[in-house]
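Those protein sequence lines, which keep their order, are chains A and B. Just so we're aligned: 187 in my numbering is position 187 of the first sequence, and the numbers increase by one with no gaps anywhere. Numbers given in my numbering equal positions in the second sequence, counted from 1, plus 1000.
I should point out that these hints are in silico values taken from the structure, not numbers from a laboratory. The reader is advised that the hints may include incorrect statements.
Using 30 Å as the maximum straight-line C-alpha spacing, the simulated DSSO-like pairs for lysine-lysine come out as follows [said to hold, decoys possible]:
#: 1; chain 1: A; residue 1: K221; chain 2: A; residue 2: K166
#: 2; chain 1: B; residue 1: K1257; chain 2: B; residue 2: K1240
#: 3; chain 1: A; residue 1: K97; chain 2: A; residue 2: K221
#: 4; chain 1: A; residue 1: K217; chain 2: B; residue 2: K1298
#: 5; chain 1: A; residue 1: K97; chain 2: A; residue 2: K222
#: 6; chain 1: A; residue 1: K44; chain 2: B; residue 2: K1298
#: 7; chain 1: A; residue 1: K97; chain 2: A; residue 2: K217
#: 8; chain 1: B; residue 1: K1426; chain 2: A; residue 2: K97
#: 9; chain 1: A; residue 1: K166; chain 2: A; residue 2: K97
#: 10; chain 1: A; residue 1: K217; chain 2: A; residue 2: K166
#: 11; chain 1: B; residue 1: K1260; chain 2: B; residue 2: K1240
#: 12; chain 1: A; residue 1: K166; chain 2: A; residue 2: K222
#: 13; chain 1: B; residue 1: K1260; chain 2: A; residue 2: K217
#: 14; chain 1: B; residue 1: K1257; chain 2: B; residue 2: K1284
#: 15; chain 1: B; residue 1: K1181; chain 2: B; residue 2: K1204
#: 16; chain 1: B; residue 1: K1260; chain 2: B; residue 2: K1284
#: 17; chain 1: A; residue 1: K97; chain 2: B; residue 2: K1261
#: 18; chain 1: A; residue 1: K221; chain 2: B; residue 2: K1257
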Amino acid sequence: MARRQYAERPARIGGMANVAIVDDEANIRETVAFALQREGHQVKTFADGSEAWAAFQTSLPDVAVLDILMPRLDGLELCRRLRALSETLPIIFVTSKDDELDRILGLELGADDYLCKPFSVRELVARIRVLLRRSAHRAETPKAAETIVRVGSLELDPQRLLVRWKGNDIDLTVTEFLMLQALVRYPGHVKTRQQLTRDGYSHDNYISERTIDTHVKRLRKKFESADPSFDRIETVYGMGYRYQPERV
Amino acid sequence: MRLVPSRFLARISLRLMLFNLLVVFLPVGGFLFLGRYEATLEQMQVESMERQAWLVLSAMQSGRDVAPMLQQLRPSDGRIRIVSPDGHVVADSGPLTDTTPGETPAQRNWLYRLGAAIVPNRLRRLRPAPPLASSDDYERSPILRGPEVQNALVGVSSSEKRMASDSDHTVTLYLGMPAYKNHEVSSVIVVSQTTDEIRAAIHKQRLAIFRVFLISLVVAMVLTMLVSTTIVQPIRQLRKDTHEILDASGRLRGRFKGSKKRDEIGDLARSLERLSRRLEERQKDTESFASDISHEFKNPLASIRAAVEMLGETSAADDRARFVRIAESEIARMERLLSQVRDLTRLDRAIAAEEKSEVDVGALLREVVAAFAMRERERVTFEVDVAEPLMVNASRDRLVQLFSNLIENADSFAPPASVVTITGRKTDNRVVVSVADRGFGIPPENMSRIFDRFFTWRPEETSGRHAGLGLAIVRAIVTAYGGTVTAANRPDGGAVFEVRIPA
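Bound-form chain A, shown alone (with noise of 0.2 Å):
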């Protein structure tokens, strides 16, 4: 099967990765393989997808960055197809239809992150390299006892992104774990939209607050599919959000 010939494939050597850039607009491939490659990584673009399903037959990159909207075979599709041959492989959105993006959240696509379109490239590479640590520590188990923040029943370990909750893993993107990890640090305290954009999105300042209303949403969402009596994050109207911890 195609999927056990991938799946458990190292992530990289050092720390450069093969990166791949699915986008049907040229000036974007370019400037943000040229950033990659700043950075060290390995980076092939491709124009659209059915160009970039046929390449990634032969071989897998370590993170593939998609656009959704893109002639023959558009990115949501192409992410379909990259899930059934991994489970891990680190993939990213780029979207120009950030109306859409409740959509496409709730399509469940097992995404590890979205950026809506303008998006900083600093943030995008921010992302890239949040994701392929992520992988490279995903097989190991935790070394040290005291990176792991616990408030309550939530666990998180910024080391591997990874949440718990009452034991349960919880599935999040980065940004949804960034945003969780800033309203987590202080307890009952509230985070102002703003705060949350210039946690969650450290390179990029051109964020809307709605963005940030969507992923707090889905980041509910997700708690509550695990365990529906989740109700932490309280919305502090006017004001923000804050992350209330159990009462013992």
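Once you've looked at the hints, dock chain B against the given chain A.
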């Protein structure tokens, strides 16, 4: 709250009911005409009494003894008396027999009793009758000196009414007629008859009118209800729909439901349904247009942002030049996009305002193609095949835009050293222009979308050179001129676009 009564009266069904009921009350007016009817009947009775008197008179003048004749006559419905000039009764046919019972047949009808109970006495007073003298004495007395006798004594026939004091108030008519002997009034013939028959006739009429009234009342109510359900209910439904299809922010949330009724309200409902459907399409169009535009602008914006970010992070001159070039080309793309969007949004209004003239499409096609042929030189060959002058009433510049877009589209798909064929014909009062290339053709899954704005599909990547508005503009122009545009694949490869414009 003060408005409630006037609003209540303003209701159409209530007004309809009032009108219908007013019509129903018309037969009631018939009661007023009963007075005339009664007078006529009385007149006729008097005339018949006169004829009786004449019979007696002629018998008297032939010299016969009238007393035994009167005894013999004994009219069942009247009494004849002969009075001497001093008022004494000299001959009598006998007293009036009270043949009629107290009530007329009509009065015994239950409907008549119901009507009598309902109709107020006031109505009866509309025809005030002069007080009548008593007939009781007059029937019994051997001496008659009433006005009709006095009139007859001076030679004038007249009649008089008197009323019995019994419970029936029977009215009796008296006719006095002079009989002459030697040019002097020798005696007076007095004929008397009860008016029971007239009364019975009047009562019968009253009953008939009351019946008509009751039937009309029922019919009016049923009619009102019917009209109310066929007119007022559908109107109410329309009003309800009007409230429901708009949400609090004034956005259309649905459509009028339309109607299968074939009347005017059905027409109105259908018109409203069409109107709301058009509005809904328009609203959807406007909303998707905004979203399409924001989407279309995000791609060049993303490139510009990425290029500018990298520009700030690199010092190598050739890299910097590269990012400046990227940013500039994307800015140019945004500008192109903006002007095309502006074209597209203004098209309808612009075409409506433009001056039209008779344009020969054939000559125009040759001109447009010549410009393309010059640009493309050896790469693509253009063939124009126009048989006759093809006159169309339109704006010349608009037609140039239309055909340029079509040929530009064909040119961009035409492989090197291929032929683009442009033909013009006239069929069925339409000018038909087709543009055929020998490129890849149109994938069947895209066929329905190629005229949509911002839709582009190109086998080779051309990096945002084509915004996907060219064919959208083509369609908008053709539609504004009342024509159609279709796309198809040629059997031997390539696409063919066909424009039909009314000649």
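Right, here's what the structure says about each hint:
Taking the CA atoms of K221(A) and K166(A), the gap is about 16 Å. The hint holds against a cut of 30 Å. With a C-alpha separation of about 11 Å, the suggested pair K1257(B) and K1240(B) falls inside the 30 Å cut-off, and the hint holds. At most 30 Å may separate the alpha-carbon atoms for a hinted pair to count; K97(A) and K221(A) meet this at roughly 22 Å. Between K217(A) and K1298(B), the direct Cα distance comes to roughly 25 Å. Compliance with the 30 Å bound is thereby established for this hinted pair.
Restraint check: the Cα-Cα separation between K97(A) and K222(A) comes to about 23 Å, which is no more than 30 Å; the hinted pair holds. Taking the CA atoms of K44(A) and K1298(B), the gap is about 23 Å. The hint holds against a cut of 30 Å. A hinted pair counts as satisfied when its Cα atoms are at most 30 Å apart, and K97(A) with K217(A) qualifies at roughly 18 Å. With a C-alpha separation of about 45 Å, the suggested pair K1426(B) and K97(A) falls outside the 30 Å cut-off, and the hint is violated.
A hinted pair counts as satisfied when its Cα atoms are at most 30 Å apart, and K166(A) with K97(A) does not qualify at roughly 36 Å. At roughly 20 Å between alpha-carbon atoms, K217(A) and K166(A) fall within 30 Å of each other, so this suggested pair holds. For a cut-off of 30 Å, the pair hint linking K1260(B) to K1240(B) stands: about 18 Å separates their Cα positions. Pair hint K166(A) plus K222(A) holds up; C-alpha atoms about 14 Å apart against a cutoff of 30 Å.
Only pairs whose Cα atoms come within 30 Å are accepted, and K1260(B) paired with K217(A) is rejected, the gap being roughly 46 Å. A C-alpha spacing of about 19 Å is found between K1257(B) and K1284(B), which places the hinted pair at or below 30 Å, so the restraint holds. As the CA atoms of K1181(B) and K1204(B) are separated by approximately 45 Å, the hinted pair breaks the 30 Å bound. As the CA atoms of K1260(B) and K1284(B) are separated by approximately 27 Å, the hinted pair is consistent with the 30 Å bound.
Taking the CA atoms of K97(A) and K1261(B), the gap is about 45 Å. The hint is violated against a cut of 30 Å. Between K221(A) and K1257(B) the CA atoms are separated by roughly 38 Å; this puts the pair beyond 30 Å, and the hint is violated.
Violated hints for the displayed structure, listed by number in ascending order: 8, 9, 13, 15, 17 and 18.
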